[in-house]
Amino acid sequence: MVKKMGEKISQRGQVTLFIILAIIIIALGLLIYFLFPKIKTSLGFQEESPYQYLEGCLDKNYLQDKINEISLQGGSLNPEHYLVYNGKNLEYLCYTNKYYESCIVQQPFLKRHVETEIENIIRENANDCFAQLENEYKDKGYETSSRKGGVEVELLPKRIIFKFNSTLTISKDGNSENFNLFRVVLNNNLYELVAIASSIVEGETLFGDIETTYYMSLYPELKVEKKIQTDGSTVYILTDRNTENKFQFASRSMAWPPGYG
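Under the working numbering, the residue at position 121 of the sequence shown is numbered 121, and the numbers go up by one with no gaps.
Honestly, the hints are just simulated from the structure, not real lab data. The beta-carbon is built from N, C-alpha and C at its ideal position, and this holds for glycine as well.
What follows is a list of derived Cβ distance ranges for each label pair:
no. : residue 1 : residue 2 : range
1   : Y100      : G56       : 52 to 60 Å
2   : S102      : N180      : 41 to 49 Å
3   : E154      : S102      : 25 to 33 Å
4   : Q64       : I24       : 51 to 59 Å
5   : N175      : I104      : 57 to 65 Å
6   : L206      : A131      : 45 to 53 Å
Straight-line alpha carbon distances no greater than 27 Å define the calculated DSSO-like cross-link-like pairs of lysine-lysine that follow:
no. : residue 1 : residue 2
7   : K246      : K226
8   : K246      : K111
9   : K246      : K66
10  : K158      : K246
11  : K163      : K66
12  : K148      : K60
13  : K246      : K227
14  : K246      : K163
15  : K158      : K88
16  : K60       : K246
17  : K223      : K246
18  : K111      : K227
19  : K111      : K148
20  : K60       : K163
21  : K163      : K138
22  : K111      : K226
23  : K226      : K98
24  : K158      : K223
25  : K226      : K88
26  : K98       : K88
27  : K138      : K60
28  : K66       : K227
Whenever a hint applies, use it, and build me the whole structure from the sequences.
Here's what the structure looks like:
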């Protein structure tokens, strides 16, 4: 008798468990059914990740090559006032054509100047990528509305930030979404090299010369070379010992006539 009652209770428990599982399955099914469009949107293909699309579209190898070129020419892609050194046109960041006088700074806002040079390089590529992004959405049946803005570059410690000041609105099936201020990050320590170059230039204006060992004692990962030229100019080469990234430029300050000094 007791055994039969236990079997009945066990059977009832199993039935109850099955009913609970069935309710959970049905609830999950309804949840997936009603939320499926949103799930599909969030997990969809590239068109739902415009930030990643732009980052993948930009030719980072080309960009890195151009940044290296700028770095090896004193911060300018096409230097106007330069010294030719080992086949490179090195921008004079500080210069005087006189003897026994300190130089005058040629690029007082070097960091901003370098950022502008990089902006000029990336602008065409960035506009093409943004246009391709919009076309990707259109090909997938989206209605799009966009406003193309400029591209800003900001040098920050250990990285370069690219800001796309454009907006994109996409619409489909009564739903719309806005995207703006796209950002792409490139790992690069140009910020540090430019900051040290600016400090060296300041020393050139004040004292006509700087001591390279001072900077290498402050920054053990940095190698600072000073190459004196026959016309009294000086070539400075800054090298990150870890990454081998370089920044080099020319200066002419407190120069001595040939045969003196």
